[in-house]
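J.: Chains as they are written, first to last, in the working numbering: chain A, 1 to 409; chain B, 1 to 294; chain C, 1 to 349.
Hints listed in this document are in silico derivations from the structure and should not be mistaken for laboratory results.
Among the clues, some could well be false.
Unchecked claim - Derived lysine-lysine pairs resembling BS3-like cross-links, with alpha carbons at most 30 Å apart:
| no. | chain 1 | residue 1 | chain 2 | residue 2 |
| --- | --- | --- | --- | --- |
| 1 | B | K160 | C | K125 |
| 2 | C | K339 | A | K5 |
| 3 | A | K176 | A | K226 |
| 4 | C | K125 | C | K339 |
| 5 | A | K300 | B | K116 |
| 6 | B | K116 | A | K65 |
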Amino acid sequence: MNWRKLLVLAGVVSLALIITMIPLLSAGCAGSAEQPVKVGFSICYTGPAAEKGRPMGDGKLDCMKYINEELGGVAGHQVEVIWRDNQYDAAKAATIINELISSECLLFTTNSSKMMMASAETANRAEFPGFAVFSAPVLTNPPQHIYAQMPDYGDDWAAFAKYYLDNIWQGTEKPKMALHLLNNTTGSGARDAANALADEMGIEIVADEEHTATTISEIESLTRIKAENPDILYISSTPQPTSIIVKNAVELGMYPGMTIACGHASFTSVLVELAGTDAEDVYGVFPTVNWGDDVPAMAKMTEYCQEYHPDDFGNMDYITCWAEGLIVAEILRLAIDNVGVDNLTPQAVEEYGFKKLNNFDVGGLHGPVTYTPGDNRLSKSVRIFQVQNGEIVAITGWVEAPLIPYKFD
Amino acid sequence: MAELLQFVITGITVGMVYALIALGFVLIWKSSGVANLALGQLVLISSWFTYGVLVQAGLPLWIGFLLVILFALAMGWIIERFVLRPLIAQPILSLITVTLGIAFFIEGAVSFIWPKSVAALPNFFPQETIHIGTAVVSQEYLWAAAISLALFGLLSLFFKYHKMGVAMRATADDQMAVQACGIPVTRIFSWSWMFACTLAAIGGILMSSIGGITFGLVETGLKSFSVVILGGLDSFLGAIIAGPIIGLAENLGGGYLTPLTWSGIKEVIPFIIIIIVMFLKPYGLFGEVRIERI
Amino acid sequence: MDLPAGTRNYTYAQDMAIFRTRTHWVLLAVLFVFLFTAPLYWGNYWLGVANLIGITIIAATGLNILTGYCGQLSIGHAGFIAVGAYTSAVLTNRFELPFLVGLISAGLIAGLIGMIFGIPSLRVKGFYLAISTIAAQFIIIWVLNHWTSVTGGFNGISVPPASIGSIVFISQTSYFYLVMIITVLVIFLAKNLARMRPGRAFVAVRDNDLAAEVMGINLFRYKLLAFFIGCFLAGIAGSLLAHWIGFMNAENFTLIDSVLYIGMIIIGGLGTAAGPIFGALFIRLLQQGITLIAPVLENTFTLPAGFTTGIGPMVFGLAIILFLILEPRGLAHRWQLFKAAYRLWPFSY
Chain A
1 MNWRKLLVLA GVVSLALIIT MIPLLSAGCA GSAEQPVKVG FSICYTGPAA
51 EKGRPMGDGK LDCMKYINEE LGGVAGHQVE VIWRDNQYDA AKAATIINEL
101 ISSECLLFTT NSSKMMMASA ETANRAEFPG FAVFSAPVLT NPPQHIYAQM
151 PDYGDDWAAF AKYYLDNIWQ GTEKPKMALH LLNNTTGSGA RDAANALADE
201 MGIEIVADEE HTATTISEIE SLTRIKAENP DILYISSTPQ PTSIIVKNAV
251 ELGMYPGMTI ACGHASFTSV LVELAGTDAE DVYGVFPTVN WGDDVPAMAK
301 MTEYCQEYHP DDFGNMDYIT CWAEGLIVAE ILRLAIDNVG VDNLTPQAVE
351 EYGFKKLNNF DVGGLHGPVT YTPGDNRLSK SVRIFQVQNG EIVAITGWVE
401 APLIPYKFD
Chain B
1 MAELLQFVIT GITVGMVYAL IALGFVLIWK SSGVANLALG QLVLISSWFT
51 YGVLVQAGLP LWIGFLLVIL FALAMGWIIE RFVLRPLIAQ PILSLITVTL
101 GIAFFIEGAV SFIWPKSVAA LPNFFPQETI HIGTAVVSQE YLWAAAISLA
151 LFGLLSLFFK YHKMGVAMRA TADDQMAVQA CGIPVTRIFS WSWMFACTLA
201 AIGGILMSSI GGITFGLVET GLKSFSVVIL GGLDSFLGAI IAGPIIGLAE
251 NLGGGYLTPL TWSGIKEVIP FIIIIIVMFL KPYGLFGEVR IERI
Chain C
1 MDLPAGTRNY TYAQDMAIFR TRTHWVLLAV LFVFLFTAPL YWGNYWLGVA
51 NLIGITIIAA TGLNILTGYC GQLSIGHAGF IAVGAYTSAV LTNRFELPFL
101 VGLISAGLIA GLIGMIFGIP SLRVKGFYLA ISTIAAQFII IWVLNHWTSV
151 TGGFNGISVP PASIGSIVFI SQTSYFYLVM IITVLVIFLA KNLARMRPGR
201 AFVAVRDNDL AAEVMGINLF RYKLLAFFIG CFLAGIAGSL LAHWIGFMNA
251 ENFTLIDSVL YIGMIIIGGL GTAAGPIFGA LFIRLLQQGI TLIAPVLENT
301 FTLPAGFTTG IGPMVFGLAI ILFLILEPRG LAHRWQLFKA AYRLWPFSY
């Protein structure tokens, strides 16, 4: 027979075999002999959000490696991590959450609010607890089985507004605030918070502008804002449009003059790199410390980062997920201490792990983590930073973001 | 009133940036009849290469630009030779889809080679803003506008008087006749793609110096489609005139409609214009109306 | 269609039959048995993947009718899927109508919007139409994002689980049956559409619409009908997608998804009934493969930082390009060649 045909036939047969074997193989890849404690991570390693997803994924995996190898696991039990790349795609995230539930994981985490939104329905129906590193108000209101590791974009707004009123505003009437928001939940989070709290706090919102993530000029919207003569411009967005807005504000002569503040999604070193000297004295909110700050967990984290993922050094997202690893370990430890490792179920982990979190300090990396009934945010405080001489410098300690009475139906 | 002046100036300058990218599109359409949907990604990869050469390798400005131009020429040649030449006689759906495939591939390659998703280029132009009356405009935009006009002039002259330009127009019109005249059609395609990639590179350098290098360059490429549709797919003059029109529509429309309607209406105006143009004058303001015969 | 040697058709029904010989019927029965007993041996995860593939097949079939049979290039398909998804979500969440009403309305409204955005097809063709469909997608997504009172704006809207009568489709298994039944019906519909009058009219329009008009085919009617059917199926797919994920957000429907659908029908084979199936399977399994391989590769090798980010789109782009250059008629054509070769073996030279 013709060799080529034989080869093609062999190729087709082996392909068919592989396709039929994949389900059987992966189904068999479940637990091992001893009972490890399983957690599931849904990470956006590739895809549009990979720039944040990769350092975050590296952070949490390195932290779990540290916990398993150096600390001997949680309460003596190794933690088995099942992680999948959701490619920042909602359908993919929906298949992954199903896999995590059926693999008998005890809890799960995601990086971003969008991925959590795609997983939340399934998780809530199955009473499978989980938390999102970066969250959105709609995930935790009304509070069900989804928690937020850090304050969300609305909380950023509230925290900064409080700081501004206490420390910067010197006039007697209400300060005038203009909002410049990205056209997704990052921006709408700040808008929802402003709608809920501005009147009560004593701030007048004079402008509410929207921009896209790919804008190249915001002169037009800033001209409108300029006519209102605001005292403070709050930007809730990502670094690149924020840099455009800041640069345009400088060109129009609005800044320096008023105060500019950014939410945590845009306040990273990338912003300073893109906006250059125009970003001087811009305020920002961020929920974790910066690299090099003197906190207990910094040394170990720096060591692992330099050894395994030196490219991520300096990236604040790595810090958020190292902290996430520590919180996961703490939740599991509390649950094991309270009900014993043989009685661990997702519901038990939620009841005796999540809900028993009390002032866990996360190695000082971000605000202390406490569960209070009715509030599914695990950490409630942020830190205010400012760009001084091209560097991001912390100007406050931990500022608590008040619980915002959102109304979502 | 002061606002109006600001909106107009911003609109025209931003529009000229769109027109610059549109010129690259029109070039490929005019010379080979292929719709290049990978334009945004070509701009993206040229910008990243500029970053790689100027910032990562630290070469001086003029050598860097030369390398970028060479890179763009090489890329255009490779795309034409290996992807488009095998598809020469295929229906237009295949050609459009293969440019979509190229777009995907280039996006992946960019993430592969430069894992950072945002970067800033060093400043080429002086930074002080220029005041025209009460309006301000940054010098980068003015430079971009000036370069667009210069390129437009060059391209129009090239296509009208230079032998290669005339050959390109003839190829777009009727390939078989051109081959009958003894002109190597494949070489014409190569040259047109190389020029188009060079235009994309220049556009990329200008746009990234304005706003940094991000995946947003691809979206601006999409907005250039509206410029191209409005101006006519095969007209350079159309691209140069439609660019400012779209920019003006965005800024004036956004500026005055936003307080009345929804915030964020600015981003959807170019697309509404596309639909309106489709209904009223499908071939654009200056496009050549193709009369189709069975 | 290739038939085994010695099969003669004596009646019109025999000539027109899709499943002509007994082997065909037996294989079909085996396929159905395999599919409908799948939940017994596939875990939750693979059932979820199968649900996603089923939904994708429905949407891709719609696009195939529009672009493959009728030649109207549409790069805005994800927008119409979004319309269907949101319609179903809003009707079941805010107005608390039953799931079936939501499903059918999703299809109808998506079809209607598709027809409206398809009106330019009467004046322009080819690339111009493609651009206007891209514009259509952006406009649709913008409206969904900003019509906060109905769609929940950027925060999205949660979707109650699907239920027909007293059966609630929450588990992957029950949803699997729902999706598979609808998928089978849709494929059957598409296959027969091609053989009926509208299908033949579509093909005539695709090949040369001026000649078709001269022949007496009402271009207005048939082009809009193609848009309606294509977007109706997209709406059905969207509705199923919404109830499967349980939460709907306009960010899920990007231009990249539309391009992926075009890629699917090209890779699968334009203008064939089996094309969308092959294309959807290929693309979705490739995506799942990348998802599964990424952890393994990360843990075993230290790859350059951008590897896992870039490898996905590069592979897709390369697949689309290679298929177009080497096998422009797609996997369906390869399947036909395989069947023909199998029948003629050992004389298939």
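J.: Are the hints correct? Go through all of them and say.
T.: Now for the hints, and whether the structure bears them out:
no., hint, verdict
1, B:K160 x C:K125, "holds (28 Å)"
2, C:K339 x A:K5, "holds (14 Å)"
3, A:K176 x A:K226, "holds (12 Å)"
4, C:K125 x C:K339, "violated (35 Å)"
5, A:K300 x B:K116, "holds (25 Å)"
6, B:K116 x A:K65, "holds (25 Å)"
Hint violations for this structure: number 4 only, all remaining hints satisfied.
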